[in-house]
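In terms of the numbering used here, the sequence shown opens at residue 1 and continues consecutively.
There may be inaccurate statements among the hints.
Mimicking DSSO-like on lysine-lysine, the simulated pairs with C-alpha atoms at most 30 Å apart in a straight line are [what the hints assert, rightly or not]:
| id | residue 1 | residue 2 |
| --- | --- | --- |
| 1 | Lys105 | Lys87 |
| 2 | Lys5 | Lys69 |
| 3 | Lys385 | Lys69 |
| 4 | Lys69 | Lys4 |
| 5 | Lys69 | Lys105 |
| 6 | Lys272 | Lys245 |
| 7 | Lys5 | Lys382 |
| 8 | Lys87 | Lys245 |
| 9 | Lys385 | Lys4 |
| 10 | Lys272 | Lys385 |
| 11 | Lys5 | Lys87 |
| 12 | Lys382 | Lys105 |
| 13 | Lys4 | Lys382 |
| 14 | Lys245 | Lys268 |
| 15 | Lys105 | Lys385 |
| 16 | Lys69 | Lys268 |
| 17 | Lys4 | Lys142 |
| 18 | Lys69 | Lys87 |
| 19 | Lys142 | Lys245 |
| 20 | Lys220 | Lys272 |
For the record, the hints were derived by calculation from the structure and aren't laboratory data.
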Amino acid sequence: MRGKKIIVLGFMGECPIGGVIWQHIHYLVGLQRLGHEVYYVEDTANYPYNPVTFDTTEDSSYAIQTLGKLANRFGFEGRWAYCARYKEPVITAGMDRDVLMALYKQADCALNICGSHELTEELASVRHLIYIESDPGVEQIKIDRGERDTIDYLRAHHHLFSFGENIGTPAFAVPAHDFTWLTTRQPVVTDLWCATDEASTPTSEALLSSICNWSTGFKKDIVWRDSNYAWSKSAAFLRFVEAPKRSGEPFELATDIDSELERHLFLKNDWKLLSPHNLSVDWVGYRDYIRNSKGEFTCTKDQYVQLNTGWFSDRSACYLAAGRPVITQETGFTVHYGGAGGLLSFSTMAEIVEAVSSVRADYRRHSRAALAIAREVFEAEKVLKSLLERAGV
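Go ahead and model the full structure; you've got the sequences and the hints to work with.
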């Protein structure tokens, strides 16, 4: 089969922080390794965020510089475009705008990562327009509530994929109506995280860690059938705040907690708190932080847990790829993979204590198992080959 001309529609210029950058790089490199001609495009009306100045403005210079550096590093130089539709006239960096418009007509498919792109007339004309949902539950609830904008937007795509392994099955309570959701997973290029057959052993000072946004307030909460489903992770972490003390070893969390009362609560329960700023700015530093950790301990958004979505974190997949065991809150994913060596789930404090004890007792076994899961379940070439085949590309 000849290589296809594939566009990755994303937002790593709009939001150029470590985790977002890696999420996109795995698609780009994975598709390249499958032999495809891969393009990265941001054709957006949204102002970009600058993680150095913390500003969101029409100044796109940081976004453009970042995309240029990434293109040179990961082999898509000459095949990227940042199109600022919030400017009049429209400004395009990377490929010329007429070349970009021609690409939309020539491409075999476009992956709309996280539904990041509004569908202009040009984008809607792409032969196979594929929606990749990373946050399951929200769109399905909007469909069930009959929200016309969401329904029309999703129908404009030829295929819908979701990280929610349980979407469209009896395990997920929200009706699919007449939408067909196909499952996919975050692709990870494992050798970018662990270049050998076995991960290096972390230092004795290494901790179970995680990286997260602390609170988005209530703006992304969603109500369905008289129940509120929260978006922020803060409530989940507060519920399990005693986990390090109960487990007998400190954990580390790279996040911004503004409340002094909450910070004090974490510190007295043997958490180490780290500013996430440097990890946001430096995508290499983000990777090094994960590699230098003992593993990940993390909690999960209420939306994913209560709806039993079967979701799994792209960041946690990176920990696995680095050979670092993951202890994470159950969302229904263990029906499909994990739940034992290398990837342990929990719903209660007792299960956290048991998981930490198991990792501590035989770290090498859990490290090997973590890397094996990454290669079996999340390896980019496997994930993306399956996605393209099921989309008929």
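For which of the previously enumerated hints does the structure constitute a violation, in increasing order of number?
8, 10, 16, 17 and 19
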